[in-house]
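With the hints as your guide, set chains H and Z with the ligands onto chain V.
Each chain is listed here by its residues.
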Amino acid sequence: MHSQAKRLLKLALSPVLLLLSFLSTGVWAEEAPRWQVNMSPGVTEVGAKIYDLHMTVIWICVVIGVVVFAIMFYSILAHRKSPDREPAQFHESTTVEIAWTVIPFIILVVMAFPATTTLIDIYNTDDAEMDILITGYQWKWKYEYINPEGENVKFFSNLRTGKTEIYNEDDKGEHYLLEVDEPMVIPVNTKVRFLVTANDVIHSWWVPALAVKKDAIPGFINEAWTEVNQLGVYRGQCAELCGRDHGFMPIVVNVVEREEYDNWLAEKAADAVKIKELMAQEFTLDELAARGKDVYMRSCVACHGVNGEGGVGKAIAGSAVATGDIATHLEITINGVPGTAMQAFGGQLNDVDLAAVVTYQRNAFGNNMGDKVQPIDVYQFKQGQ
Amino acid sequence: MAAQDDSTYEAYYVPEQSKMALCATIGLVTALIGLATAFNDMTFGEGTENTHSWLIFNLGLAFFVGTLFVWFRTTIRENRAGMNSAQLKHSYAIGMQWFIFSEVMFFAVFFGALFYVRNLVGPWLAGEGAGEMNYLLWPDFSYSWPMMETPQDSVVGGAAAQPIANNGVYTGPERDMSFPGWSNIAHWLPLWNTVILLSSSFTVHIAHLGLKQNNRAKLNLWLGITVFLGILFVSLQILEYYEAYVEYGLKLTSGIYGTTFFMLTGFHGFHVCLGMFMLLIQWLRATTAGHFTADDHFGFEASSWYWHFVDVVWVGLFLFVYIL
Amino acid sequence: MAHGPAKGLSRWLLTTNHKDIGTLYLWFSFTMFLLGGFFAMIIRAELFQPGLQLVEPEFFNQMTTMHGLVMVFGAIMPSFVGLANWMIPMMIGAPDMALPRMNNWSFWILPPTFLMLASTLFMEGGAPNFGWTFYAPLSTTYAPSTVTYFIFGVHLMGLSSIMGSINIIATVVNMRAPGMTYMKMPMFVWTWLITAFLLVAVMPVLAGLVTMMLMDVHFGTSFFSAAGGGDPVLFQHIFWFFGHPEVYIIILPGFGVVSQIIPTFSRKPLFGYDSMVYATASIAFLSFIVWAHHMYTVGMPIAGELFFMYATMLIAVPTGVKVFNWITTMWRGSLTFETPMLFAIGFVFLFTIGGFTGVMLALAPADFQYHDSYFVVAHFHYVMVAGAVFSMTAAVYYWLPKWTGKMYNESMGKAQFWVSFVGFNLTFFPQHFVGLAGMPRRIPDYALQFTDFNMMSSIGAFIYGASQLFFLFNVIRTIIAGEPVNRDKVWEGAEGLEWTVSSPPPYHTFTTPPPVK
Ligand code: HEA
Ligand code: HEA
Ligand code: CUA
Ligand SMILES: [Cu+2]
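Residue numbers (my numbering), protein chains in the order written: chain V, 1 to 385; chain H, 1 to 324; chain Z, 1 to 517.
Bound conformation, chain V alone (with noise of 0.2 Å):
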């Protein structure tokens, strides 16, 4: 209730602050394609087909417009009132109306040959070379890069723009929005085919220049594929609305080189061993706290707020999971609240960063609980159920 009356309060002032806000954003950083106008055909074969399909649509809509309109205007003009003017009284005509019938029945028909293939192509994801696991998170995506013969490798992309860039109180960066932490990387040249789910509400996965759209629907995986043939970085955004932060879940393709791109997976492979490390350590309480809020930033602060004054979340500040019983502090985490926007984090965190965030929260924002949580904790509770 407050809350929202707060708002509409700023919103009655919003005439003098729009233009405060006006008058103090000068500039903004460098130029992008500012100008642009027309959809871009992409790097894709797909993406270029398209793009045709497109031009050609939009110019058999000109000539139809340009020769209806003309009509119209030219009656406009010459068929005004005027005292020698007499109105025909016709009304009727039997041979116009089925020209007019058949000949926009023939366009459309001529259209729809091009629309067919591309969409054949498109739903052809036969003889991919490599699958990626696309699931979208409220409000992050998750890639997951499915290796046959091992270990996964799996990491979670978030938005990189900060929140002083986004409220205006620092200039805006060159790709303000369109910027994550970590990109999903593929080869070029390479046919990649995309498994596009969600984990809880649906999300869309839309990178133009790709000429990929795919919801993501939880519970399903949908299939799509891309092979793009120029190396490069090429950034979109979640496509449906997914709740709060759906402006603000970019997604970012880095096209490399075949080599460069297996350098970088065996890589994040390695990171991924070295956590499993960490795993089996213990650490003091001021190495996780430190930790935890580096995740708590990342993960939590959407919903429980900066200062765990909670928002869509509940407040972790005093919260009576938060300064009672680690059990069920960690299941929350772990499993979540079924039924509501809380996730099960289980999945999505390491048990290190788990340990972290859970002993973060027990002795942040006043909760002084002094304990800790261990990853091996983590573990045995994970293992327990």
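These aren't lab readings, by the way, just hints derived from the structure by calculation.
You can trust all of the hints, since none of them are fake.
Cut-off 20 Å, straight-line C-alpha distance, at most; resulting in silico cross-link-like pairs (SDA-like, lysine to any residue):
1) Z:Lys-7 x Z:Thr-404
2) H:Lys-251 x Z:Thr-211
3) H:Lys-89 x H:Met-278
4) V:Lys-314 x Z:Gly-125
5) Z:Lys-184 x Z:Leu-270
6) V:Lys-81 x Z:Trp-491
7) Z:Lys-184 x V:His-91
8) V:Lys-382 x V:Gln-281
9) H:Lys-89 x Z:Pro-178
10) V:Lys-163 x V:Asp-245
11) V:Lys-314 x V:Ala-327
12) V:Lys-154 x H:Met-133
13) H:Lys-89 x Z:Thr-512
14) Z:Lys-414 x Z:Ile-463
15) V:Lys-81 x Z:Glu-495
16) V:Lys-81 x Z:Lys-489
17) V:Lys-163 x Z:Glu-56
18) H:Lys-212 x H:Arg-80
19) V:Lys-314 x V:Ala-364
20) Z:Lys-414 x V:Leu-77
21) V:Lys-191 x H:Met-133
Keep in mind it's a predicted model, so treat the numbers as computed, not measured.
Leaving out everything else, chains H and Z with the ligands in the frame of chain V:
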């Protein structure tokens, strides 16, 4: 229906101002606000606040029902006072017919949903056809209808380990409601319900014939029997729900099978209650007030149309929910 | 039967008169239009430049949602129902609507319903924030608790629409004056008859859908949850089975209005009346089999994708017939350009552009790039604002002298048209560009490359908004201080029964049926 010509023209009755629409609105909106609040208390509430939601609901509902009562009483009185032209009566008939059509569409959605989940979603979830890759999410799920094991059940670790966060908990039933084999046929309630409802369609028709022949006794008797059959049907339906919940473990939360089963039969049951109530009113009008004549009995006719409609829906249900 | 309106407030509260009810509907819908427009202004103000200035993202989502809902269900639909109430009995020579008391009820359900919906803005959790398409599970498992009020609100709106449409069907079928055969009915009556049929067919579908949501939210059913064997996409199929016919519900009465106005100011009968009727019926029929063109990216099997693509493209044919007929009606007429005609021509021009972008969207592979981008936003504002709102504005100017007996000020009317026309295009044309360049819809903040066009769009929106306030002023001025028209046939070229009665018409128009030529 072509427009009538001049000679048959009677003045169309346009009623004076009326408070009924306003009262009906107040009642209905109050009731729904109360109901919404009650549901919210149940699902989102803290349990400590007392919002009086059920009280608001009941007051609103009572006011609404009272208004409808007055409303219908007024129209009946107007008709008996001879204010309604043939044309107005035809308007009423058209109104009722299109109302029934809208109800048909309402049921069509639920049948459509049933068709969609049974024939498409189930196989997809089990990794067939277009859902080929779904095996990554539900590796052990295999599909059959009635769905006795939900995809969630099939995941090792159940609700906690499922690949989608934050669902509720859906546990499949122990037994389903379909045909239990010839030896148990006598205990198969849906069959008896079918018999009951189908015969009630006949009895209401016989009552109608009686009315048209001006045979009041026949009307009263057969209409009474129809109402009784309606009550019988609803009672058996309640018994069946009891069995489903207590003996079969089939609940609203038993995944999509329980969902579609209860929603389809539930809405049908609700409509049977409505139809039965309408017929009951007509029966009371016929027996206690001597309403209706052989050629003017729209209230009766509309109720019987409604009853036939409810009957047809049941046939669909019996086929698609119980047998196939 | 009383011969004049009752005095005081009770005239409006308790009325059974089709004209009074029509007036109520019209004022209600205009109020809602201002409310929905106010929400749009907030959206446009926030999008004026990148970064978050005025509102928080969750409030922005509430604005988008409420804007869509209020405009579609509160402004456009009731406005055309109001028009139907006023005009249909007069056009077919009937004494009133067929079921006058129910008529009053369908109206009075609406104000408290929208009051309830609007009040969710002040409740814990905020107003609905899941878009006017309220896709599950964002609107079920992840919804704010106010979703329950939203659900019952939709039920009530559905009830109102169904009763309103049944009334219109009964009126048209049963109340025509002798000699008013179906194929003599004014086009506006035809389009409403078909619209009413669409409404009775799809509003129950929407009611069923929100009922499923209610059960999923509160009673643990699994319609839209894969874990229980349901499917979130089921939601979308049902929603669009309602939603696509819904967009034709929004536009068909507008087609009817334009088909009345263009012949009047061309002083020439409507060209191809019969084919207009058949085209309208075909559009209505096709509207039931194209719904999944809103769902090309959900991962349907390719066969479904192709079917819906072909069916959708077909709608261009009957719609084209209508456009061509309007233009041929103007051809070799004797045209004058009073305000209603200006809006009608603006309608034909801009709606056709919106139709063209519709055909582009219909092409499934291209839609993979357009879907959920501002290109779609541009498309549907071209058909809904320049379509439905322009035609409604035209209708008000056209019939206002008949309703009030007073003439609006022609130069003010023309001024409003030109400001609206410019403002509208400035708002929505650049949205095509940002959409094609990759800007998703329903976002409170955007990448820097979209800045300039968004700024233009916002400025255009403020201009367009101002022109609507001017419209309001114009209407009120006419009612209070307009020149009396003093003649039955306000427009030289007008045809139809409504022009045979005085301006303003008597409280009960035709107590006995008028002769029909
Ligand atoms: C008044 C409402 C209205 C109307 C009339 C239309 C008309 C049409 N619409 Fe539109 N549409 C909406 C309202 C409307 N739409 C809304 C609200 C949405 C978005 C909903 C949301 O997601 O929130 C939407 C979205 C939408 C989509 C989904 C886009 C997406 O989300 O990805 C599609 C895709 O096919 C589509 C197609 C069409 C087509 C083919 C027509 C056709 O009827 C147009 C036909 C008209 C013409 C073509 C012009 C005249 C014809 C000629 C001059 C003849 C010759 C022409 C040719 C041969 C091309 N619309
Ligand atoms: C018929 C329906 C209709 C109408 C008439 C309009 C009218 C307008 N709409 Fe739209 N709109 C929708 C239906 C409609 N809309 C729908 C269905 C959606 C999708 C929602 C969703 O995504 O879920 C949408 C979404 C939508 C968006 C995208 C939001 C997003 O994706 O986040 C935008 C953005 O610019 C927008 C703008 C406007 C504007 C500027 C007007 C203008 O025409 C409004 C003009 C009217 C006024 C301005 C009122 C009069 C003035 C005042 C009350 C005083 C204030 C005036 C000033 C400050 C100048 N609308
Ligand atoms: Cu994720 Cu929008
Ligand atoms: Cu559509």
